Structure formats: C-alpha cells, structure tokens
Amino acid sequence: MVNSFFFIGLPYIAVFSLVAGSIYRFKSERFSYSALSSQFLESKKLLWGSVLWHAGIMIIFVGHLIPFLLPGLWQSLTSQPAFVVAVEVLGVAAAFTALVGLVVLFVRRILSRHIQSVTTPVDLVVLALLIVQILIGIQTAAGHRWGSMWSVQTTTPYLWSVLTLQPDLIHVDSLPPTVKLHIAVAWIIIMLVPFSRLVHAFSLPIQYLWRAPQQVIWTNARRIRHIAPVIRKAEESRRLFLKGALGLGTAGGLLTVGVMDKLVRFFSGPNMTPEEQAALLQKRLERLEMTAEERDLELERMRNDYIFVANLKELSPKDGKYFIDYQMRPALAYRDTTGLPLLISAKCTHLGCTVASSVDASGRILCPCHISYFDLKTGMPQPGSPATKPLPLLGWALMDTQGNILVSQAPDGRREGEVPADKLEASMVYIAKRYEETV
Amino acid sequence: MDVRAQVAMVFHLDKCIGCHTCSVACKNVWTDRPGAEYMWWNNVETKPGTGYPTLWEDQLNYRGGWELTGKRDLRLRCQTKASSFLKLFYNPNQPGLDDYYEPWTYRDQDLFDAEAGDDQPTAVPVSQITGEVIDIKAGPNWDDDLSGSPVYAENDPNLKHLTEDERRMLFEIENIAMMYLPRICNHCANPSCVASCPSGALYKRGEDGIVLVNQDKCRGWRACVSACPYKKIYYTWKTGKSEKCILCYPRVETGQPPACFHACVGRIRYMGVLLYDADRIEEAMKAPEASLVEAQRSVLLDPDDPNVIRGAAESGVSEAFVSVAQRSPVYRYVKEWELALPLHPEFRTMPMLYYVPPLLPISGRMGDGIYEHGAEQFFSHLDKARLPLRYLAALFGAGNEDIVRTVMKKQMAVRYFKRAQDVDDIDPEQVKRILREAHLTAEQAEAIYALTALGSLENRYVMPPIQREEAIEGSGGPGCSPESCKGTCGLGAVQPPRRGA
Numbered sequence: 003m004v005n006s007f008f009f010i011g012l013p014y015i016a017v018f019s020l021v022a023g024s025i026y027r028f029k030s031e032r033f034s035y036s037a038l039s040s041q042f043l044e045s046k047k048l049l050w051g052s053v054l055w056h057a058g059i060m061i062i063f064v065g066h067l068i069p070f071l072l073p074g075l076w077q078s079l080t081s082q083p084a085f086v087v088a089v090e091v092l093g094v095a096a097a098f099t100a101l102v103g104l105v106v107l108f109v110r111r112i113l114s115r116h117i118q119s120v121t122t123p124v125d126l127v128v129l130a131l132l133i134v135q136i137l138i139g140i141q142t143a144a145g146h147r148w149g150s151m152w153s154v155q156t157t158t159p160y161l162w163s164v165l166t167l168q169p170d171l172i173h174v175d176s177l178p179p180t181v182k183l184h185i186a187v188a189w190i191i192i193m194l195v196p197f198s199r200l201v202h203a204f205s206l207p208i209q210y211l212w213r214a215p216q217q218v219i220w221t222n223a224r225r226i227r228h229i230a231p232v233i234r235k236a237e238e239s240r241r242l243f244l245k246g247a248l249g250l251g252t253a254g255g256l257l258t259v260g261v262m263d264k265l266v267r268f269f270s271g272p273n274m275t276p277e278e279q280a281a282l283l284q285k286r287l288e289r290l291e292m293t294a295e296e297r298d299l300e301l302e303r304m305r306n307d308y309i310f311v312a313n314l315k316e317l318s319p320k321d322g323k324y325f326i327d328y329q330m331r332p333a334l335a336y337r338d339t340t341g342l343p344l345l346i347s348a349k350c351t352h353l354g355c356t357v358a359s360s361v362d363a364s365g366r367i368l369c370p371c372h373i374s375y376f377d378l379k380t381g382m383p384q385p386g387s388p389a390t391k392p393l394p395l396l397g398w399a400l401m402d403t404q405g406n407i408l409v410s411q412a413p414d415g416r417r418e419g420e421v422p423a424d425k426l427e428a429s430m431v432y433i434a435k436r437y438e439e440t441v
Numbered sequence: 004m005d006v007r008a009q010v011a012m013v014f015h016l017d018k019c020i021g022c023h024t025c026s027v028a029c030k031n032v033w034t035d036r037p038g039a040e041y042m043w044w045n046n047v048e049t050k051p052g053t054g055y056p057t058l059w060e061d062q063l064n065y066r067g068g069w070e071l072t073g074k075r076d077l078r079l080r081c082q083t084k085a086s087s088f089l090k091l092f093y094n095p096n097q098p099g100l101d102d103y104y105e106p107w108t109y110r111d112q113d114l115f116d117a118e119a120g121d122d123q124p125t126a127v128p129v130s131q132i133t134g135e136v137i138d139i140k141a142g143p144n145w146d147d148d149l150s151g152s153p154v155y156a157e158n159d160p161n162l163k164h165l166t167e168d169e170r171r172m173l174f175e176i177e178n179i180a181m182m183y184l185p186r187i188c189n190h191c192a193n194p195s196c197v198a199s200c201p202s203g204a205l206y207k208r209g210e211d212g213i214v215l216v217n218q219d220k221c222r223g224w225r226a227c228v229s230a231c232p233y234k235k236i237y238y239t240w241k242t243g244k245s246e247k248c249i250l251c252y253p254r255v256e257t258g259q260p261p262a263c264f265h266a267c268v269g270r271i272r273y274m275g276v277l278l279y280d281a282d283r284i285e286e287a288m289k290a291p292e293a294s295l296v297e298a299q300r301s302v303l304l305d306p307d308d309p310n311v312i313r314g315a316a317e318s319g320v321s322e323a324f325v326s327v328a329q330r331s332p333v334y335r336y337v338k339e340w341e342l343a344l345p346l347h348p349e350f351r352t353m354p355m356l357y358y359v360p361p362l363l364p365i366s367g368r369m370g371d372g373i374y375e376h377g378a379e380q381f382f383s384h385l386d387k388a389r390l391p392l393r394y395l396a397a398l399f400g401a402g403n404e405d406i407v408r409t410v411m412k413k414q415m416a417v418r419y420f421k422r423a424q425d426v427d428d429i430d431p432e433q434v435k436r437i438l439r440e441a442h443l444t445a446e447q448a449e450a451i452y453a454l455t456a457l458g459s460l461e462n463r464y465v466m467p468p469i470q471r472e473e474a475i476e477g478s479g480g481p482g483c484s485p486e487s488c489k490g491t492c493g494l495g496a497v498q499p500p501r502r503g504a
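Heads up: the protein sequence lines correspond to chains A and B, in order. Numbering-wise, this note's numbering puts 105 at position 103 of the first sequence, and it's gapless, one number per residue. Numbering-wise, this note's numbering puts 146 at position 143 of the second sequence, and it's gapless, one number per residue.
Check before you lean on any hint, since a few could be wrong.
Computed cross-link-like contacts, PhoX-like style, restricted to lysine-lysine with a CA-CA straight-line distance of at most 20 Å [what the hints assert, rightly or not]:
| # | chain 1 | residue 1 | chain 2 | residue 2 |
| --- | --- | --- | --- | --- |
| 1 | B | Lys421 | A | Lys46 |
| 2 | B | Lys421 | A | Lys47 |
| 3 | B | Lys74 | B | Lys90 |
| 4 | A | Lys29 | B | Lys90 |
Simulated DEER-style distance windows between Cβ atoms [unchecked claim]:
| # | chain 1 | residue 1 | chain 2 | residue 2 | range |
| --- | --- | --- | --- | --- | --- |
| 5 | A | Lys29 | B | Glu285 | 35 to 43 Å |
| 6 | B | Ala119 | A | Ala130 | 45 to 53 Å |
| 7 | B | Lys289 | A | Leu49 | 51 to 59 Å |
| 8 | B | Gly73 | A | Leu244 | 33 to 41 Å |
| 9 | A | Leu49 | B | Glu341 | 55 to 63 Å |
| 10 | B | Asp111 | A | Ile10 | 30 to 38 Å |
Please keep in mind that the hints were generated in silico from the structure rather than gathered at the bench. Remember, predicted model here, so these are calculated numbers, not experimental data. From the three backbone atoms N, C-alpha and C, an ideal C-beta is built for every residue, glycine too.
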C-alpha cells in the first residue's frame with residue numbers, strides 16, 4: 003500500500019503538478035517566473051554557493067537522464083569497468099560539489115538578514131529537501147555500489163513503466179530502502195517545482211544563442227503595413243531558397259544513396275539466398291560445360307585429319323545439317339541432286355550471322371539477319387543482298403564403315419577417286435583438314 | 004536607408020542648479036515602492052565625483068558597453084554569447100547593494116512612544132530591506148557638492164585623463180570647481196543592455212526609440228545591469244526583475260513631457276524627435292574614439308531633406324512625426340548648432356541624451372589681483388577655465404578636446420554677442436571676430452540665446468503625436484478599436500507585480 007502510493011500515486015501527482023502547474027503559472031502568473039537572484043543583496047557567499055551547486059547538479063542531472071533516456075547506450079558504455087569507475091567517481095564528486103554549494107546557500111539564507119527579507123518558507127523547504135536528497139544520493143552511491151549499472155535494470159524500466167502508463171512495481175519492490183527514499187523524495191521535489199523558485203530552470207535562455215543583438219518592437223500599424231511587403235518578399239525568397247535547397251538536397255541525397263548502395267554492394271559482395279547461389283552455380287557450370295565442349299571440338303579438329311559430319315543417307319537436299327568446320331565456324335551439309343554431299347559455310351559473309359538451313363524453291367538459302375539469299379550450288383549471294391561475297395563451299399570426303407576413303411572433293415570441285423555407286427548409301431561424310439587450310 | 008524616429012533629449016548643464024527636483028519627481032512617480040527604494044532612474048551627480056552607483060564610469064570593473072575588437076567588430080564588453088550562460092549563476096560585474104546604498108527610513112513612531120526621560124527622543128534609521136536599525140554609510144547623492152573631497156571627487160575615473168598638475172590645480176581650495184550631471188536612461192540607439200538580455204525581455208520601441216523591459220519576459224538574469232555602461236538598469240531585489248527609466252512613456256504618449264522634464268526648475272531639459280539612419284549605426288559606432296562624436300552626428304538625418312522625408316515615409320515614420328522632427332529643439336542643439344554632446348560616447352552605445360557642457364564658472368577676468376571690467380577680453384580665457392577642457396572632453400568627447408573647445412567657443416561667442424547687445428561695452432568688431440571664430444552667424448547666436456534662455460514649454464518640449472490609439476490598433480490586429488481592446492496595450496500590467504515563490 004505504502005509502495006503503491008509512493009511509486010505509483012505520487013509519481014502521477016508529481017508529473018501532473020509539474021506539467022499543469024508550470025503551464026498554469028506561466029499563463030496566469032508569468033511575472034512570477036524569475037531566477038530570483040539575490041546576488042544584489044549578498045554576492046560573496048553566493049559565488050561559492052550558486053556556482054558549486056549549479057555545476058554539481060547539472061552533471062548529476064545529466065548522469066540521471068542518460069540511463070533513463072538511452073538505456074541501451076548506457077548499458078553498452080557501462081559494460082566497460084573503466085567507464086563505470088569514471089562515471090561513479092565523477093558522480094560522487096559532482097554530488098559533493100552540489101552539496102557544498104547547497105549548504106553554503108542554506109547557511110547564507112539563514113544567517114544573512116538581507117537574504118532573509120527575500121526568503122519564503124517554500125525556499126527553505128526546497129533547500130532542505132535538496133540537501134536531504136543529495137545526502138541520500140551519496141549514501142546510495144556509497145552503500146549500493148555501481149548504481150550506474152544496476153539502475154538500467156531497475157529504475158529505468160520503472161520510470162518507463164510510469165511514463166507509458168503501465169506502472170510496474172516489480173522493478174522497485176526489491177530495491178533497498180535508501181534507493182526507495184531517493185526516488186520518493188525526487189517525486190516530491192518534482193511536485194514542488196511549479197510552486198517554488200525551481201521553475202527558473204525552464205527559463206534557460208537557449209534562444210539567446212541565435213538571437214539578433216538588437217530587438218526593436220513596432221506596435222505601429224503603419225510601420226507594419228510599410229514593412230510587410232518587404233518582409234513578404236524576403237520570406238518568399240527565403241521560401242524559394244528553402245524549396246530549392248530541399249529539392250537539390252533530396253536529389254543529391256537520393257543520388258548519394260544510390261551510389262553508396264552500389265558501392266557498398268560492390269565492396270561487400272552479393273548477399274544471396276542458398277537458392278540464388280545454387281542457380282548461379284548451375285549457370286556457371288553450364289557455361290563451363292559449353293566452354294569445355296567447344297574446347298573438345300577444337301582439340302578434335304587439331305588432332306584429326308578428318309572430322310565426321312553425318313551419314314550420307316541422313317542428308318537431304320532441302321534441309322541442311324549444321325556442323326562445325328575446322329575453323330570452328332558453323333557450316334551446313336546437304337545432299338545435292340547427284341546424291342553426293344554438298345558442304346557450305348553457314349557464316350554469312352555480311353556480318354557473320356548463321357545462315358538458315360532450309361532451301362527454298364529456287365535453291366537458295368537465307369541469312370535471316372539482313373535477308374541475304376545465297377545460291378546453294380555456288381554460294382553466290384543474290385544481287386541486291388547485303389552480302390556481296392559468296393559463302394565458301396567446303397571440301398569433303400566419303401568413307402566407308404571401315405574408314406577407307408572412297409572419294410573426296412576439294413572446295414574448288416576437284417575430285418579424287420570414283421564414286422562407288424553400291425557403297426554410297428552406307429558411306430559417311432567427313433570434312434578434311436587438308437581442304438580447310440587452303441581456304 | 005532605414006529612417007527611424009527617436010524621442011531624444013538635451014540637458015543644458017549650464018543651467019542646472021543641482022536641486023534634484025527631477026529626481027524627486029521621478030522617485031514619487033515610479034520608484035516609491037518596496038524593492039525600488041534604492042533606485043534613482045533620474046539622479047543628479049556632482050562632478051568631479053564618483054557618481055551613483057559608485058564609480059559607474061569605471062568599465063574595467065563593471066564592463067559595460069561595447070568594445071571594438073582588433074578585427075573591428077563591436078562586441079559586448081561584459082559577455083560573449085557562450086559566457087553569458089556561465090554568468091547566469093553569478094555575474095562578477097554586477098553592482099551590489101553596497102555600490103548603491105542601503106535604503107532606509109526612520110522609526111518616527113518612536114518620537115511619540117518614547118517614555119519621558121532626560122534626552123530628546125530620536126527617530127532612528129531602519130533599513131528598508133531588513134527593517135533593522137542601521138548605521139547609515141551612504142545615501143542618495145552622498146557626494147552631493149563634495150568637490151575636492153578626497154573620498155569622492157578625487158576618485159572620479161575621468162580624472163585619469165588629466166596630468167598630475169592639472170589634478171592638483173583642480174583641487175586647490177581657491178580653484179575648486181564642480182558641475183552637476185543629471186542622468187536618466189539615454190535610450191541609446193545601439194543599446195548594450197538590449198543586446199545582453201538572455202531572455203530577450205529588453206527591447207527598443209520602433210516608433211519612438213524608448214528602451215523598455217518586458218517585465219513578464221524578464222527572468223532576472225541581470226546581464227543588462229552590468230552591460231549598461233551608464234548603470235541605468237536596476238535590479239529589483241523584491242520581485243527579481245530588472246527595471247529602468249521608461250521615459251514616462253504613458254505621459255509622452257499623451258503629449259506630456261516626462262515627470263523629470265516637467266519638474267525641472269532650471270528648465271535645462273529639452274525633448275524632441277531626432278531622425279536617424281538605423282542602417283549606419285553599426286559603422287558609425289566602429290569609428291575611432293576621437294571621431295565618435297562626429298560619427299554619431301553623421302547618423303542623424305536632416306528632417307527637412309526631401310530624401311529623408313521620402314525615406315521616412317518608406318520606413319513607416321508618419322508625416323506628423325517628421326513635422327515634429329522639423330521643429331525639434333534637440334536637432335537644433337545636436338546637429339544644427341553642434342552644441343550638445345553625448346555622455347561618454349566611447350561606450351559606443353550611441354546615447355540619445357545629449358548634454359550642453361557647462362561654461363563655468365564664467366567670471367570676470369582677474370588682472371593684477373583686481374577684478375577687471377570692460378577690458379579688451381571681458382571673460383576669462385577658455386584654457387583658464389576651472390574645470391579643465393580635458394576633463395569635459397573625458398565626459399563628453401571621448402577624450403577629443405577639440406570637440407569640446409568648439410562647443411565652448413560657441414557658447415562664449417553667444418555671451419559676447421548678447422553682452423555687446425545689451426550692455427554695449429564690447430567692441431562690435433571684436434564680437435564679430437569672436438562669432439566668426441566660433442563659426443556662428445548673428446542669427447544663430449540669437450537663436451541659441453532664445454532657445455537657451457527664453458525657451459517656453461512649447462519650445463523646449465516638442466512632443467511627438469499621440470500614438471496610443473495606433474499602438475492599440477497595431478497590437479490588436481484589424482478591427483481592434485481602442486474601446487474594445489482596452490487593456491491589451493499601454494502599461495500592460497494586468498498581473499500584480501508579485502514576487503514568485
């Protein structure tokens with residue numbers, strides 16, 4: 003019950019009081035917002051009191067704020083023992099600095115008659131509470147060491163649970179009484195902020211950093227009317243500039259993102275799923291296989307004087323059979339009207355496309371790339387075709403099943419041996435190395 | 004060209020008798036309340052003297068005003084933007100109560116309640132801060148008329164410009180001289196207090212250049228108190244806010260001169276509108292010290308110049324304001340006759356309160372121990388003036404003696420001119436020569452005499468037109484009539500000035 007009040011009820015009362023009270027006071031009693039400095043009445047002790055107190059408490063405040071706001075960062079920092087020691091030493095030093103300052107301020111307020119005349123009861127209550135709070139804080143640091151480490155698991159989740167409206171006592175239940183007291187007094191001090199001089203903390207004049215040195219205020223409508231167009235123009239040009247800058251910035255940003263993306267990908271290498279990797283490997287293998295096949299063919303052509311093209315009976319006069327000649331170029335094999343083979347290069351003399359294999363009614367074959375017709379018998383291109391040179395005819399040799407050369411023909415048509423009519427159908431067509439070299 | 008209007012002032016020191024009526028008028032109207040007892044928005048100092056607060060002119064101590072850096076930049080002497088944050092907690096340059104004095108009253112009731120005894124009952128002094136019986140150590144005008152005093156006069160910071168001999172001469176008993184220096188806020192055109200305020204509570208009114216503290220925005224950081232080189236911003240210990248002379252703007256807005264002006268028995272005060280070019284202030288305030296007075300004069304604009312009138316219209320200064328500026332006695336003294344000089348222009352705040360330096364004591368010439376009348380040189384020579392020119396130059400010329408000498412010559416010439424006219428015992432040729440040397444025509448001398456000696460209320464205070472309704476319209480937006488928007492402007496004190504907890 004007591005716990006529920008101090009760690010659930012009080013926090014909400016305190017935060018409500020802080021927010022609503024400060025705003026209400028600002029709205030309705032703005033005049034009362036002041037640092038209420040008493041340096042005018044007494045300055046020697048104030049120098050020590052005020053400077054030490056403010057220096058100390060600002061360090062302490064930041065040290066309490068960071069573990070709350072950035073617990074992740076804090077945890078990673080406090081994982082290094084050197085950091086923890088440094089932070090704890092700094093914290094305790096700051097606490098003592100603040101304490102000395104506060105005590106000086108308190109004593110000054112009690113002893114000086116001049117300061118008494120500007121002292122309210124709330125001032126004394128706040129001063130006393132702050133002294134008590136710092137003493138408890140020092141006691142916590144001394145008695146329950148390494149608060150910078152355990153606070154992330156205890157007070158930070160507790161504060162977040164309060165902040166997210168799901169107050170959870172589990173984080174504070176098991177804390178030692180000193181720490182509990184520290185938390186409870188903190189809520190009381192926060193509650194008192196709008197009713198005390200502590201509101202001056204909200205008046206930190208940050209805007210002074212960028213403010214123009216001179217301030218002129220016009221209440222005269224005439225001036226406002228006269229100056230308005232100038233201001234409007236300035237604002238318009240500023241808006242244009244901002245728009246332009248924004249556009250350029252966005253474009254530059256996108257470009258940079260793109261470039262960086264490519265660069266990063268390039269240097270970090272592809273990031274692929276196993277399936278993608280398998281597919282890539284497969285593709286590489288296929289490419290290797292194709293290369294190997296090609297090398298095989300090359301090797302075959304280097305080693306052998308004759309390369310098998312087809313069985314003669316498979317060839318037809320209408321549709322050619324593709325094969326690779328000694329130059330590793332595509333070529334076509336036909337059977338001419340006399341029943342003998344007709345071999346012709348299939349690499350178009352225009353730009354090197356592969357010529358199609360079927361023969362049309364006029365005895366021509368077609369390169370489909372740029373429509374060049376070639377006469378099959380002579381290899382001559384039809385006039386008007388893009389190709390102007392003839393497709394070269396290839397020489398051939400016919401062999402029987404035992405590998406004896408029956409007859410062979412050079413590209414120019416010279417024939418060696420007689421055509422054996424009986425063995426013709428069973429013979430096989432070869433190309434011969436000796437003919438190729440003469441081409 | 005950004006033409007702005009400024010309600011500016013001239014104090015004619017030759018006419019000040021040091022009666023403090025101005026101070027009392029101000030005190031009664033504005034600072035007669037707890038927390039403000041020690042304040043004198045208007046005070047009259049005896050010079051040579053240490054002034055109020057003590058040694059306010061010593062900027063090595065208080066660090067007020069602007070300084071020119073090596074790179075010819077103007078910067079506040081008291082703080083940079085970064086250091087201002089450290090000074091929130093403790094300002095090392097802020098004058099304390101001891102630098103002013105502890106305000107007190109008397110326990111008058113004791114006179115009635117005392118039991119019968121052998122001695123007369125007395126009303127003991129009690130502090131107005133603590134209520135305790137105090138031993139008074141200082142009070143308002145504590146060094147009043149104390150020229151020659153080793154405690155006050157001899158510590159005047161301006162005396163450091165004098166040689167050892169001159170200082171000794173000044174304080175020889177037969178030669179002791181003094182002058183009065185009435186001071187209010189200068190409502191500077193380049194105010195260092197405004198630039199120093201971290202909260203942005205201080206501002207200059209665009210319409211008339213009056214510098215004010217927004218009491219609702221003031222957070223009591225006290226930077227202005229040390230930044231003002233004239234120490235004319237006061238910290239109210241009771242409410243924790245800074246306050247300053249408001250040039251009685253509620254009176255000015257209704258066509259009345261400020262209380263101190265109205266109360267002045269010596270009629271030394273003049274008020275009128277000056278037009279100046281706000282764009283040129285910064286450059287002018289970067290001038291070398293010796294030419295600061297001339298630089299400041301050059302920023303002031305001729306209200307009869309058609310270009311200036313057009314510029315004024317473009318900048319939103321009303322025709323009525325310009326026509327008031329054309330009749331401004333301040334413009335006569337400051338720019339046309341070049342008789343009035345700013346106080347301590349070397350603080351570079353461009354003060355808008357100008358002083359005609361005193362020509363005192365103006366005595367008949369002594370020759371062979373006999374007081375001579377009707378001699379060739381009727382008045383004593385300027386360089387034999389009891390208050391050395393160099394002292395006046397330290398006050399009004401940033402050390403430039405020539406500027407002060409010119410002013411003195413003009414004043415002297417006017418006296419010769421009038422003496423010749425009224426008593427007719429000076430050779431007219433000599434008068435003509437003196438006028439010529441002072442760069443004055445007879446008409447100008449007559450005009451100076453008229454405004455200085457005969458000026459009526461209407462001549463001395465040429466007030467700007469009423470702006471209250473305009474201000475209300477301006478602050479309330481369109482359709483806001485003075486009736487419906489009452490309370491949205493003016494003093495603006497809709498909340499009681501209660502101290503916060």
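Here's how the hints hold up against the structure:
1. Lys421(B) with Lys46(A): With a Cα-Cα distance of about 58 Å, the restraint between Lys421(B) and Lys46(A) is violated, given a limit of 20 Å.
2. Lys421(B) with Lys47(A): Violated: Lys421(B) and Lys47(A) sit about 61 Å apart, past 20 Å.
3. Lys74(B) with Lys90(B): Judged against 20 Å, a Cα distance of about 25 Å means the pair is violated.
4. Lys29(A) with Lys90(B): With a Cα-Cα distance of about 28 Å, the restraint between Lys29(A) and Lys90(B) is violated, given a limit of 20 Å.
5. Lys29(A) with Glu285(B): 35 to 43 Å: With Cβ atoms ~38 Å apart, the hint holds.
6. Ala119(B) with Ala130(A): 45 to 53 Å: holds (48 Å)
7. Lys289(B) with Leu49(A): 51 to 59 Å: violated (35 Å)
8. Gly73(B) with Leu244(A): 33 to 41 Å: holds (36 Å)
9. Leu49(A) with Glu341(B): 55 to 63 Å: violated (47 Å)
10. Asp111(B) with Ile10(A): 30 to 38 Å: violated (59 Å)
In summary, the structure is inconsistent with hints 1, 2, 3, 4, 7, 9, 10 from the numbered list given earlier, while agreeing with the others.
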